[in-house]
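Novice: Letter by letter, the chains look like this.
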Amino acid sequence: MRDHIRHCDTIVIGSGLAGLLAAAALAERGARVSLIAKGGGYLHFTSGCVDILGADTAGNALDDPLSALSALIAGNPSHPYALAREDALEQSIELFRRVMSSSDYLFAGTLSRNVLMPTALGSTRVTCLVPESMAAGDVRDDSPMLIVGFRSFRDFYPPYLAANLRRLVPFSVHDLYLDLPALDGRRHLLSMDVARCFDDPHFRGEVIKRVKANLHGAGRVGFPAVLGLDRPREAAAHLQERLGLPVFEIPTLPPSVAGIRVDNAFRRWLMQRGVRIEIGFWIEGRIDGSRAIEIVVDSAGHKTRYSADAYVLATGGTGGGGIKAYPNGRLQETVFDLPVQGPADRTAWYRGEFLGREPQPISLVGVRTNGQLQALGADSRPIDNVLVAGATLPSWDPTREKSGEGVALATGWKAAMGAVALSSKLNSVGVGK
Amino acid sequence: MYQTEVVVIGGGATGAGVLRDAAMRGFKTLLVERGDFGTGTSGRYHGLLHSGARYAVRDPVSARECIDENRILRRIASAAIEDTGGLFVTTPDDDPSYADKFVVACRQAGIPVEEISVAEALRREPLLNPAIMRVFVVPDGSCEPWALIDANVRSAREFGGEAWNYHRVHGFERSNGRLDAVHVLDTRTGEEKTISCDFVINAAGAWAGQIAAMAGPPVHMTAGKGSMIVMNHRLVNTVLNRCHMPSDGDILVPVGTVCIIGTTSINVPDPDDYEIEPAEIDGMLAEGEKLIPGFSRTRSLRAYAGVRPLYSEHDVSSSQGREVTRAYAVLQHSSRDGVENFVSVVGGKLTTYRLMAQAGVDAMCDDLGVTRPCRTADEPLPGSENGRYDSIQRRLATIETRGGAENALVCECEFVQRTQVEHVALEKNTHDLNDIRRELRLGMGPCQGGFCTYRVGGILHELRHLSPEVTNEALLRFLNERWKGIKPVLWGDDLRQVQLDEEIYVNLLGVDRLERVRTRAQEPV
Chain A
23 MRDHIRHCDT
33 IVIGSGLAGL
43 LAAAALAERG
53 ARVSLIAKGG
63 GYLHFTSGCV
73 DILGADTAGN
83 ALDDPLSALS
93 ALIAGNPSHP
103 YALAREDALE
113 QSIELFRRVM
123 SSSDYLFAGT
133 LSRNVLMPTA
143 LGSTRVTCLV
153 PESMAAGDVR
163 DDSPMLIVGF
173 RSFRDFYPPY
183 LAANLRRLVP
193 FSVHDLYLDL
203 PALDGRRHLL
213 SMDVARCFDD
223 PHFRGEVIKR
233 VKANLHGAGR
243 VGFPAVLGLD
253 RPREAAAHLQ
263 ERLGLPVFEI
273 PTLPPSVAGI
283 RVDNAFRRWL
293 MQRGVRIEIG
303 FWIEGRIDGS
313 RAIEIVVDSA
323 GHKTRYSADA
333 YVLATGGTGG
343 GGIKAYPNGR
353 LQETVFDLPV
363 QGPADRTAWY
373 RGEFLGREPQ
383 PISLVGVRTN
393 GQLQALGADS
403 RPIDNVLVAG
413 ATLPSWDPTR
423 EKSGEGVALA
433 TGWKAAMGAV
443 ALSSKLNSVG
453 VGK
Chain B
39 MYQTEVVVIG
49 GGATGAGVLR
59 DAAMRGFKTL
69 LVERGDFGTG
79 TSGRYHGLLH
89 SGARYAVRDP
99 VSARECIDEN
109 RILRRIASAA
119 IEDTGGLFVT
129 TPDDDPSYAD
139 KFVVACRQAG
149 IPVEEISVAE
159 ALRREPLLNP
169 AIMRVFVVPD
179 GSCEPWALID
189 ANVRSAREFG
199 GEAWNYHRVH
209 GFERSNGRLD
219 AVHVLDTRTG
229 EEKTISCDFV
239 INAAGAWAGQ
249 IAAMAGPPVH
259 MTAGKGSMIV
269 MNHRLVNTVL
279 NRCHMPSDGD
289 ILVPVGTVCI
299 IGTTSINVPD
309 PDDYEIEPAE
319 IDGMLAEGEK
329 LIPGFSRTRS
339 LRAYAGVRPL
349 YSEHDVSSSQ
359 GREVTRAYAV
369 LQHSSRDGVE
379 NFVSVVGGKL
389 TTYRLMAQAG
399 VDAMCDDLGV
409 TRPCRTADEP
419 LPGSENGRYD
429 SIQRRLATIE
439 TRGGAENALV
449 CECEFVQRTQ
459 VEHVALEKNT
469 HDLNDIRREL
479 RLGMGPCQGG
489 FCTYRVGGIL
499 HELRHLSPEV
509 TNEALLRFLN
519 ERWKGIKPVL
529 WGDDLRQVQL
539 DEEIYVNLLG
549 VDRLERVRTR
559 AQEPV
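In the order they appear, the protein sequences are chains A and B.
Those letters in the first sequence? Residues 23 to 455, by the numbering used here.
Those letters in the second sequence? Residues 39 to 563, by the numbering used here.
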C-alpha cells in the first residue's frame, strides 16, 4: 500500500478548545493548517462557559480572575498560565469572541469579574464568560427564579435543583415540569433532541404558553441548556420577548448543547478559512533528534503521512486521551511518546476521597515544556517544533481551579504563536501581527 | 418487645435460605441482617454456580454437595441462574497430569464431564488461548446472588416469614442454657428492639464467630479474603476454569454484560477491615492472560473482595485458605456447648446455600423434637416458576415495547428504567442508591454511576419527598462507594471514565460547593 504524503505549515493535533483556538490563530495569520484528532474533543462534556480562574487552593471562590491570575503566576511558575502569561489569555479571548460572534453566538462578562451560576444540581459554579443565553442566571442578582424542566427529559430535575438552590440563595426559587406532547412520544431524550425542538418556533410557542400560566411571580426563568442548537439567540430572544422576562440556561449532563455550539462555531469558522479538519484516526508522530519530522495518520484503508514546519500538541491529558496510563505505572504521551511528568506508580495517582478538595496527583501529570511551550524530550532538551497546549500540559487541575477553558485558550494561543515563529513561509512573507 | 419462634441472624444466601426453609416448615421466623440483604460475602463473590468440578480432586465431599445443589438450583432458581456451562482447560502453564486425575474425580463425585477438542473449544470461545492442550465441559453456571437472595426472602414472606434489613444484633438475653431474646438495633432509625424467641439460627457467615461469642459458645471462623476484578466486556459466554489444583485468578465467569475473574485467597484478621493489594490485581491479570491472551490489556471496571467464611473445629488461621474444606458444618450448640436452642450454620459456599439451610433447620427440628420435612428443593422460587433465566436481553425486549417518560432509561449500561427505580425504592422503602443497585444492577456497567447517579437523585428526591440534604448525601455516598471499587484498577479507560465523572460532578454539577451557603456580606461570589 502506497503512503500518501502531505505538507502544511502547521498541524494541530487535538480538537478540544486548545487545538481549535490554536488552529484559528494560525489560520488568521494565513498559515496552511490541518487539524487532526482521534476524537470529537472535550467541548461536548463541558458547561459551554469560559472558566478562567474560579477557586483558590482552599476552594474559595475568586471574585476577580485577572488579579488572581497574577498571584497564581507569581506563586506557581510551572503552571501553564505562568508559561502563557496574561497577554496570551487576553489575545486568545479576543479571538474566541471573534469566532463565536461570527456564528452569532455572543459571550457576556469580562476577565476582571467572575460570575456565580446555578448548576443542574442546584449548587453553584464559578465561571467568567458565559453565553448570553446563560447570563441572567447569576445568583448574585436577587431576582426570583422559576426553573422549568421537561418531564420526559431525564437529565434535568427542577424540584431537586430548586430545593438545593433555595438553601444557598436569599431569593425565591420555584420549579415547574412541562409535559409536552412533542417530547413525550420519545423514549430516551438527550439534550440534543430537546435543543433541536427549541429551534422550532411552534415548539417554543407551546413552551411559552405553559410557562406563562405558571410564573409564580418569577423575575427570570431558567431552563436546561437546550434552548436551540443552530439558532440559540433566536430561541432565547423569542422566549424572553413573549414571557416578558429574562431567560437563562443551566448546563446539565453531557452531551452539552452549549459546548457543542462552541465546537460548531469553531469548525464553521475554520472550514471557511480553508483549515483541513480530519477527525477519527489514530495518529503516530516521529521525532528525529530535536525535531518532529512527520505524523502518520491511520485513516480508513491506508496510512497518510503528514509533515509540517510545526506541530501543536493539544491532545488532552489522561481524561482526554493525550496521555495513556498503564497498570505498571507507565504514563505514555500517545502521539510522539514524549516523556510525561508524574508518578510512575499507579498507587500514587489517587489519594484520599473522590471528588475531594485536593487535586489528585494524576490530574497534574503532563508533558513538560520550556517557557515557549516547546515539549521537552527524553534528555530534557526541547523538541523545537512541537508546541504543547491545553490539558496535555502538567501542573494544573481544571476541575478544582475552575480554569479549564482559560488555560486551553491561553496556551493554544501561545503555542500557535510559537508555531508562527517556526514557519519559514510565514516569516519570509512577514505575515502576522 | 417483638415475638417470634425462630430468629435467623444473617441476610446472605444462607440466612435467606434458612428463613425460607423454616417458614415453609411452618415456623414463625424472623431474619435480621445488619446491612442490606446480600451485602456480606454472598454479594461479593464471583457469581459462579459450581458444578463441583473445581473441588473434585481436593475436596470430594464439597464436590458432591455442589453437583447435587447445582441440579436443584437450576430447577428452583432459574431466574437467577444462567446456564453458561463451564470449561476446564489445561494451559501450557498447568501440570498436564492433573487432567486425568480430574476426570476420574469428577466421575466419582457424580459430576458429568466430557472432553472436547481444542478446536471445538475455540469455536465456542474464540478468545480462549489457542495453545491450550485439553478441554473438559462441566455443568457450571453463572448466578446472580442478589436475585437469588431476594427470591428466597420473597418466598419466605409468602409463608409468613419476616426479614428486617439494617438491623444489627448486639446481644442476647440468656437464662439456664437458653437464649430467650435477641437485642437488635435498627441502624436506620436508631431504635433498639428486643425479639423474644424459641430458637436462634446463626447464619452470619464470616461473622458467625462474633455472633456466637455474644451467645456464649466459641466458634472459630477464619475470614479468607478473595478478590475479584470485573472486566468491562463479556469476554466469554462460558465459565472458564484452569484445569489444575484451585489457585488464584483461575476462574473467569460471565455475569450479565461483564465478566469477573477471581479469586485470591488471603486470610485477614477482621472480616470488616481489608484492602485489595495491588499485587492481587497484577496477579489476576497475569493469570487471565493464560486463559485469554490480551486479557490484561482489555478494560477492567472495578475490583472487589469478599471474605470466605472458613470454618474448622481447629484454628486454621495460620494455614492457607485454599486448604480448608469448603464443605459446610452445622454446629448444634445444645450438644456441643450446652446452649439448647442455638444452631450455627458455618462454612460452605453459595452454591450449597440451600443444603446448608436445610441442615440447619433439620438440626433445629432435632433440638425441638419435631419432624417437619424440608420442601425447599421441590418448590420453585418466585420468578422462577417458568424455568427461565431473567436475562438482560429480556430487559431490552421490555424497553423496546414500552415508551413514555416513565419508562425512560435511567441507566443505559444496564437497561434500568425509571419505573423500575421507583418500584424498588418504594418496595424496599429506601432512598439508598446501593439498595436499588443490588436489585437492578444500576450503576454497575461501564460508566459506574457517572450518569445515572444524578438522575436517580432527582427521581428519589421527588418520589420520596426527600430533603435536598438527604438526597445529596445519598448521591455522594453512592459515588464514593463506586469509587472504592474503581480505585484498585485505575488506569487506561477506567481512569478516563473517572476523570469524566469528576468533570460532571465537580465542575458541571458543583458538588464541591453544595454547602457554600451564600450570604452577601461573607462571600461576594
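The reader is advised that the hints may include incorrect statements.
As the list claims (entries may be wrong) - Straight-line alpha carbon distances no greater than 20 Å define the calculated SDA-like cross-link-like pairs of lysine to any residue that follow: (1) K522(B) x E380(A); (2) K525(B) x I309(A); (3) K525(B) x R373(A).
No lab work stands behind these hints: they were computed from the structure.
Bear in mind that the values here come from a model prediction, so they are computed numbers and not experimental data.
Novice: Does each hint hold? Answer for all of them.
Specialist: Status of each hint after checking the structure:
no.: 1; hint: K522(B) x E380(A); in the structure: holds, 17 Å
no.: 2; hint: K525(B) x I309(A); in the structure: violated, 35 Å
no.: 3; hint: K525(B) x R373(A); in the structure: holds, 9 Å
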